Amino acid sequence: MIRVENLNVTFNEGTPLENPVLRGLSLAIPEGQFVTVIGSNGAGKSTLLNVVSGEVSVQKGQVYLGEQEITHWPVHQRASQVARVFQDPLTGTCESLSIEENLALAQARTKTRTLSRAAKKAFRSRFIAKLRTLQLGLENRLTDKIGLLSGGQRQAVSLLMASLQPMKLLLLDEHTAALDPKTAKFILELTDEIIRSEKLTALMVTHSMKQALSVGDRTIMLHQGKLAFDVEGEARSKMGTQDLIELFHKNHSELDDDALLLS
Amino acid sequence: MNSFAFFGALETGFIFALVALAVFISFRILDFPDLTVDGSFPLGAAVAASMIVAGFNPFTATICACLAGAAAGSVTAWLNVKLKILHLLASILTMIALYSINLRIMDGPNKALLGVDTLLSPLDNISAVPYYIAYPIAFGLFTAFILALVIWFLQSEIGLAMRATGANPRMARANGVNTSRMVILGMAISNALVALAGALFAQSQGSADVTMGVGVIVIGLASVIGGEALLSTRTLLKWALACVFGSVLYRMVIALALNGEMFGLKAQDLNLITAVLVTLAIVAPTLKAKTKAKLNTVLNSKTKQAQE
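One line per chain: the protein sequences are A and B, in this order.
The numbering used here applies: residue 15 is where the first sequence begins, and numbers increase by one.
The numbering used here applies: residue 208 is where the second sequence begins, and numbers increase by one.
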């Protein structure tokens with residue numbers, strides 16, 4: 015399970031551009047839960063993900079993976095337990111490497127790398143079997159440079175790469191946002207399938223409220239660096255996007271009322 | 208060009224092919240423009256020459272030269288990844304520091320290898336082939352061996368991690384690659400190769416000189432970019448071969464230009480010619496694309512006007 019406590023992140027601290035992005039955010043995700051995160055631009059969704067992955071360091075607060083505190087672990091160290099799919103397919107895969115080499119790189123995510131051959135023949139059958147599940151015909155193109163693939167294909171490979179090795183947490187950062195609607199749907203279904211079959215704990219950031227409700231077990235909304243609401247179970251399954259907006263306004267106006275009372 | 212000049216160019220081409228492979232690793236694989244080269248080349252020469260003169264086995268001396276080069280490369284990389292100094296600046300700092308260090312190592316501006324055995328001494332006594340043919344053959348074989356080693360490394364798990372580090376560091380880190388460590392390792396390997404080239408060059412020329420590093424990086428770049436322009440870079444092996452080919456070709460062109468006195472060029476024009484050639488090779492593709500785009504817009508606006 016993953017737990018973050020009292021996260022505080024301010025960009026450009028101490029300058030006129032000071033921008034508090036996370037303000038005391040706390041969240042706990044039990045093992046095997048698939049959480050979707052929504053929020054407007056600047057709400058802190060991506061920053062939350064980057065704090066968990068280690069790309070952004072916090073001014074205050076802690077990150078725990080299981081019982082272990084990982085707040086100050088660098089990205090590559092967390093990678094042994096945290097896998098990630100980026101928003102941009104170009105970021106998640108390495109253009110100048112072949113499909114096979116990209117997979118081989120991801121295959122070694124949890125291991126100590128050695129001087130033995132990276133793209134071993136022994137891995138090949140596993141890669142081919144995995145690629146076949148995508149039904150994109152990529153299993154015949156192992157040695158093609160991944161830069162030759164379309165964005166959707168690259169994102170599908172990216173998802174495969176993340177799931178090659180066991181992990182304690184999967185991070186998905188608006189990973190369908192850069193794709194056309196049809197491909198986005200395919201990638202989302204694939205994501206859901208992988209998360210369900212491998213029983214993964216996952217945190218998925220999305221712009222789409224519809225998407226946030228259509229997959230996963232729990233949905234949280236961030237607003238101005240804090241948790242605006244958190245729904246799961248039966249209450250969530252009955253919800254539509256309109257209910258989400260109403261819930262947001264209800265919670266949000268309460269916050270505003272508090273602000274009025276306090277001022 | 209007489210055969211003496213030809214074999215001389217071939218020999219120098221193969222030695223500098225090691226520099227080309229080094230630049231290939233730093234500049235192409237790691238995307239790290241590294242000027243340390245101008246300091247680590249004479250560093251290798253200085254270490255090897257000084258140790259040989261001091262009575263060490265030339266083999267030991269050459270190995271130590273490589274290690275010194277690796278240390279220099281690590282320092283540059285460390286300045287960049289740990290102290291966050293811009294890569295170009297970090298490498299210039301190391302290069303400048305090495306100038307003083309090289310003077311210290313040689314205890315003067317140069318070191319002659321007179322009357323001492325070098326790695327090449329056994330080649331002088333082969334009766335079947337004269338030394339000026341034996342040298343390029345030996346260096347050619349050695350360069351082929353180093354090339355194979357570099358390719359083998361780049362295809363290993365660590366090598367793959369290094370290639371990902373240069374091409375997409377964010378993705379590499381997300382896949383558990385310690386990118387800082389990879390940059391340090393890659394720069395160490397790159398500069399070890401440069402120092403090796405320096406050590407071999409000093410032994411082939413019979414002396415080490417503190418100024419022998421001037422422009423080595425440009426020669427390395429010229430080899431890499433020239434080779435890429437002429438040969439395929441589709442696979443790692445082909446790409447590295449193109450760099451070696453570029454290095455030999457560069458030496459041939461220079462030998463031809465200087466020997467023929469075709470354009471009234473003299474030896475002192477060498478660096479100027481190199482700089483001009485490299486500039487042309489770098490800007491040629493962009494210039495071509497730009498003029499094409501400009502031509503298209505002009506044509507388009509003309510057809511629009513015509514339609515109106």
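Check before you lean on any hint, since a few could be wrong.
Below 27 Å or equal to it, Euclidean Cα-Cα: the simulated DSS-like pairs (lysine-lysine) are [as the list claims (entries may be wrong)]:
(1) B:Lys289 with A:Lys125
(2) B:Lys499 with A:Lys74
(3) B:Lys511 with B:Lys501
(4) A:Lys134 with B:Lys445
It should be emphasised that the hints constitute simulated quantities derived from the structure, not laboratory data.
Please read these numbers as outputs of a predicted model, since none were measured by experiment.
Status of the hints after comparison with the structure:
no. : hint                   : result
1   : B:Lys289 with A:Lys125 : holds, 24 Å
2   : B:Lys499 with A:Lys74  : violated, 54 Å
3   : B:Lys511 with B:Lys501 : holds, 15 Å
4   : A:Lys134 with B:Lys445 : holds, 20 Å
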